[in-house]
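2 protein chains.
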Amino acid sequence: MSYFMNYAIQLAQMVEGQTGVNPPVGAVVVKNGRIVGLGAHLKQGDKHAEVQALDMAGENAKGGTIYISLEPCTHFGSTPPCVNKIIEFGLSKVVYAVKDTTLPSEGDAILEQAGIEVEYQYTEDAAALYRDFFKAKSEQLPEITMKVSVSLDGKQATDMGQSKWITNSDVKQDVYHLRHTHDAVLTGNGTINADNPQYTTRIPNGKHPIRIVLSRSGNIDFTKQLFQDSSSEVWIYTENEHLKSPNANVKIIYLTECKLKDILKDIYKRGIGKLLIEAGPRVTSEFLQTHFIDQLIIYYAPKIIGGSGKNQFYQTNDVIDLNHATQFEIISTELINQNLKMILRKK
Amino acid sequence: MSYFMNYAIQLAQMVEGQTGVNPPVGAVVVKNGRIVGLGAHLKQGDKHAEVQALDMAGENAKGGTIYISLEPCTHFGSTPPCVNKIIEFGLSKVVYAVKDTTLPSEGDAILEQAGIEVEYQYTEDAAALYRDFFKAKSEQLPEITMKVSVSLDGKQATDMGQSKWITNSDVKQDVYHLRHTHDAVLTGNGTINADNPQYTTRIPNGKHPIRIVLSRSGNIDFTKQLFQDSSSEVWIYTENEHLKSPNANVKIIYLTECKLKDILKDIYKRGIGKLLIEAGPRVTSEFLQTHFIDQLIIYYAPKIIGGSGKNQFYQTNDVIDLNHATQFEIISTELINQNLKMILRKK
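Chains A and B are the protein sequences, given in the same order. Going from the first sequence to the working numbering is simple: count from 1 and add 988. Going from the second sequence to the working numbering is simple: count from 1 and add 988.
Keep in mind that the hints were calculated from the coordinates and are not lab data. Among the clues, some could well be false.
[Unchecked claim] So the derived label-pair ranges between C-beta atoms look like this:
{"hint": "1", "chain 1": "B", "residue 1": "K1257", "chain 2": "A", "residue 2": "G1065", "range": "49 to 57 Å"}
{"hint": "2", "chain 1": "A", "residue 1": "D1183", "chain 2": "B", "residue 2": "Q1128", "range": "54 to 62 Å"}
{"hint": "3", "chain 1": "B", "residue 1": "A1182", "chain 2": "A", "residue 2": "L1091", "range": "50 to 58 Å"}
[Claimed, not checked] Partner residues are not named here, just some residues of chain B that face chain A (Cβ under 10 Å, in silico):
{"hint": "4", "residue": "Q1001"}
{"hint": "5", "residue": "M1002"}
{"hint": "6", "residue": "V1003"}
{"hint": "7", "residue": "G1021"}
{"hint": "8", "residue": "A1028"}
{"hint": "9", "residue": "K1031"}
{"hint": "10", "residue": "G1052"}
Beta carbons are placed, not taken as given, at the ideal position from N, Cα and C, and that holds for glycine.
Kindly generate the complete structure, drawing on both the sequences and the hints.
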């Protein structure tokens, strides 16, 4: 267990959702048992975490150890290679928690040749932070979290469509934080019509995600508040080539066929690294039948709704054998003021 | 709940135990929902957290909000006042979690006069971080944590003095972290003779606390490994004016009478802001009868030791009425691999 590595990972977690298609990275420089510099990658195109931490440390970095949540880069991207900076500042040791599988990995050799000790200290928390990033980068698809709030019997709303409010206000706060840590939120047009949501982040100084609406028909009611609100852009994916934007904040993206994969590829190309899906049963079920969902978060409220189950969150046309039902692994459970939050990943 | 304030507090927690008699402080600068700068006070005499974060943010700070775990200072100490820097960088808002009760508080007025909004956002985690600091500063005494590892029946060792090992290796790791986050560890000479401990921090790159030994008689066995080990200084408080140091690493501090309060005042004057007491029954009991202990941490191992209880951790000469027994409040409990960690404060 390394406290300093945990601090580097905490720093990375602080900037989740603000680095676009770049990974969130944290770094801590330690000399004689003290932190002499700390940093995080704040924005795509901006300084890397190592550089921030080394700049803060200045002369104190000499002979010290740098802890980084991710392997330092060796390439000239929008900034020069971090390994050069590490060598230049005269560190004696580099410890990193995760190897970057998306880049040629010559960093260890370059550092060792410069007389710097390198330690790869695998850390599960960091691995969890980048697991979906690597997959996303190699497939050029965003990391996807799906969130659903349901009753104990799996319903997002009553048969009459009443869904306000299944979960409580503490869960809502938790969802605001999810929005803050994702670049964009995707929903279906049906949810816009039923609930008239804004999908903003109501936490002080929070970052509003870009709002993405899926509407194959393009039968949009532009008076809904989402389209009037300019706190962040709204993108509409549609197969309706006649759909016109009502204002500068709403962008219409026309595809001849709105296949989920094509939409996701396009979203990634536009700089969305992390996507949150918050939708009704239809879009939720459509996505759950694909392999695109990296993480599923279910908030269970301690109530039962009953009815015919028109708005149960998972519905399919096909009936499959129980042995072939999609299996998940429970990553964590947390009680949020009597509502249960469960984080899952497909097995 | 403010995520950014929590991040500022996390940053402060990262530097606990490395700021001497200064408080640990963290700061985060936010603009348009993104973190554009972060910092922590790394060392007494060094830049304050606000300055680190603003320097990282640079031009991006303009119009932004700074979250600080502690009210920004308005005085010229070893560095210029932080409020001046905040005004100079053109921030539009300052949010802080704790008011500094040890300094004249004119910061709000100065900032507001400069057109900057100020929000005092009380946060319990931050208050907990500074509660003992304020008391310590006003009384010029270190913040004191006492740690004891005991059996279910309250014994630090068997009647024969056997104490290796009551708790497990995961508890030891937790104790190493306690040492890392305190400037010094205090023990009695009896413990040195019985256990021959080193009181170092065996975590990678951890900070070794200064080791303080209380020995009124000055009857010291300098062959013990603590006195040979030079990873940090050893200070001996004694009433024996003839005691001489065996090497440069060991400092003898002679007091005509070794009253606990005088020792603690002297320790604080020498720059120790946070003191951990890890001692045997005698010193432990002596301190527990005073009001100097801010926090008591008990690690219970799931075993019973029995015997006459020669080494029970709390022993007094006087017998007091049950209604006057010292009362504690349980702050938290945590299971560490089948050992229970209990954090308490005197009521």
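Status of each hint after checking the structure:
no. : hint                             : verdict
1   : B:K1257 with A:G1065: 49 to 57 Å : holds, 52 Å
2   : A:D1183 with B:Q1128: 54 to 62 Å : holds, 60 Å
3   : B:A1182 with A:L1091: 50 to 58 Å : holds, 55 Å
4   : Q1001                            : holds, 9 Å
5   : M1002                            : holds, 5 Å
6   : V1003                            : holds, 6 Å
7   : G1021                            : holds, 3 Å
8   : A1028                            : holds, 6 Å
9   : K1031                            : holds, 7 Å
10  : G1052                            : holds, 9 Å
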